[in-house]
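*Asks:* One-letter residues, chain by chain:
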Amino acid sequence: MLNAKLTASALAIIAVSATAAAARDQVQVAGSSTVLPYASIVAELFGENFDFPTPVVESGGSSAGLKRFCEGVGENTIDIANASRAIREKEIKACADAGVTDIIEVQIGYDGIVFASQIDGPAFTAFEPADIFNALSDQVLVDGQIVDNPYTQWADFNADLPAVDIIAFPPGTKHGTREVFEEKVILAGCEATGAMQAMIDGGMSEDDAEDACMNLRADGRSVDIDGDYTETLARIDANPDGVGIFGLAFYENNQDKLKVGTMSGIAPSTATIASGEYPVSRPLFFYIKGAHIGVIPGLKEFASFFVADEIAGPDGPLAQYGLVADPELVKTQMAVENEETMGSGS
Amino acid sequence: MTDATHGMSEPRQKTSLTAADARTAARNRAEKRFQYYGIAAIIAGGVFLVLLLTAILSNGIPAFQRATVNIEFTLTQEQFDEAEGTMLKTKVYTGFFIDALTAQLTESGIETEFDNKRIERLLGKVGGTIRAHYRENPQDIGQPTRFELPASSRVDRYFKGTFDRSGIGDGNRFIMPGDLDFADDLRAAGILTQSFDWNFITGVDTGVDNAGQAGIGASVLGSFMMMIVVLVLSLPIGVAASIYLEEFAPKNRFTDLIEVNISNLAAVPSIVFGILGLAVFIQFMGLSQSAPLVGGLVLTLMTLPTIIISTRASLKAVPPSIREAALGIGASKMQAVFHHVLPLAMPGILTGTIIGLAQALGETAPLLLIGMVGFVARYPETFLQGFEGPNSAMPAQIYNWASRSDAVFTEKAWGGIIILLIFLLSMNILAIILRRRFERRW
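Going line by line, the protein sequences match chains A and B. According to the working numbering, the stretch in the first sequence is residues 15 to 360, in order. According to the working numbering, the stretch in the second sequence is residues 12 to 453, in order.
A portion of the hints provided could be inaccurate.
[To be verified] Residues on chain A that point at chain B, a partial pick, calculated with CB under 10 angstroms:
id : residue
1  : ALA57
2  : VAL87
3  : THR91
4  : GLY217
5  : VAL237
6  : PHE264
7  : ASN267
8  : GLN269
9  : PHE319
Hints are computed from structural coordinates only; laboratory data are not their basis. Note that the Cβ used here is the ideal one computed from N, Cα and C, for glycine as well.
Next up, chain A with everything else stripped away, as it sits in the complex (with noise of 0.2 angstroms):
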């Protein structure tokens, strides 16, 4: 017995120390939980078409992927971040302060982001910004005075909504989803409703106007959810009367679940999202580590093959699954076969 335990930690210890001196094969992917299907999509498909091993891919918000990219260069730490925003200026000096300078910047397409409800459930068929910012803000415009919000069914502010209560699941603070919601949709309803232009006049300064803006309503009628748009989802099966905020992709889905509203008279579909026409959209980027390129065997690989029009261009598996690509894929194919960092120029 006290011979079998010897012998299984000895074992143990060789199998660490042999670990610390492997090196590693595959390409290590971590952020947004947004590209992360996209990543899948195209990992499975590096693994099937190279003689390399399948990149593992992990998700954990842009944020944290960023921050895992910024900890410093070598083998324990990540290859490519991918982020559903462009890098902050303050990331970049972390990045720098770490060791970590040749960035490759790499936008991969759009995304875009509906109002989607029940499909058994109300017509919520047409929406205007105006009409979220109305049914959603924390103070609202009416008749020309900034009061806390006090509608309780759409068709309170817009006659063509439904006579319904609202509810509506907007995406949580940590998602790259919000920043888009706010800037493109809530900011945009305060400005059309005039909201905005009233708060000024009342003596704000333009930052804490539209910090004002885009505090939405906490009684209960506009709930944020952190989960995943599964969540989102769960909600609006159990309520027939809510709106949910889901990614185009996510939407195109599940269609025998969920009713998609317009946004200005614009259906979301990925050629209204090309052309520009529907107003909510945003750009998907990854990030590579340059000083990990030819080190990590298949890194540049995965990353040209990322972008390759059989893949991410508008008839590739991305484009299928619900990825907006991007009109300038050959600019971005350019930089990543030239390894053009950050800065760098173009």
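Add chain B to chain A, keeping to what the hints say.
*Replies:* For chain B alone, coordinates are given in the frame of chain A:
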């Protein structure tokens, strides 16, 4: 006082052995009531268990079935060379397969109209499987080979009756109502069939657009490797620590402090161990990310307190007379412990260890931080790589699938729960068998 004065004048109440008096009756009623409460509690627990199991089974069992396309397909040497010469090889193989299928269908005289696009919408991602087959079996090139390839997830759900066709229109990119009629025809012709999905048990994770081929196999192996690490490290360390603390250590403030700390550690949220693992094992010691070895080390830290506490309890439960008898006939303290006390405490130690392992098996939070929750789609190639190569774990895989947009993945998540429960059940059965074998009465 009042009793004393009045008691004498009134006749004493008669009691009978056959008729219970009021107080006895009340006590009996209270006991009956308490029994009913107990039974109600058991029934409530049972109802919850039944609800849970029904939910898991009804949602999870469909995951073990999948719709497949069964045809004989011949790939020529020229086609093989042509496909291998391109970058996106799997797409070219898919194209060949669709052409072959179209030819066969035209021949068989299916009435519904169809084109390549329609077939494409019915098929899952097949290119990868076809390429892998011909790369491994080059002798099959030029020979008719029977393939059983997954249909698209919409068709899969349609056959299982979980897809509502009223919600889709003709403009849908993924499936159109006409496609489903066509699928019915193919099903009648025996080309589309439903069969048991072995791939779900043996396969690896797949991309989000390839639900038909996703399997939990690799993550079962990942969990198994972690359990080996946890067992090999935490059992000897935990048992050695408890024997010392229980049998040899002097009782003083220092050992009291250790004792308090161990009890506290058992209650620390598991995510804390994940942060520790990231800082110590990955950033400081330089072990690789996403590796079951690191996962195992983190879970070892989590399991140790449980094992130490249960081992000490079972050592304490061994009657002192056994120690004293051993010492009395001249055994050294170590001999007394190892020859007499430890074997008697073994059933308790094993039970504690298995409970600790079961707890570790279901843990996801610490794995989140060491990179085991994510898309890991490969089997390790060697035994050693099973520890140090990237892999996922069952709960992580389930969590991952549950958050994907394709409803087939949600179904697979439920199916994964069934596999996890089977894994847990077999561990518990093992614990019971071991306990029976070692059990000794005194």
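*Asks:* Would you mind marking each hint as holding or not holding in the structure?
*Replies:* Comparing the hints with the structure gives:
no., hint, result
1, ALA57, "holds, 6 angstroms"
2, VAL87, "violated, 13 angstroms"
3, THR91, "holds, 8 angstroms"
4, GLY217, "violated, 45 angstroms"
5, VAL237, "violated, 18 angstroms"
6, PHE264, "holds, 4 angstroms"
7, ASN267, "holds, 4 angstroms"
8, GLN269, "holds, 6 angstroms"
9, PHE319, "holds, 8 angstroms"
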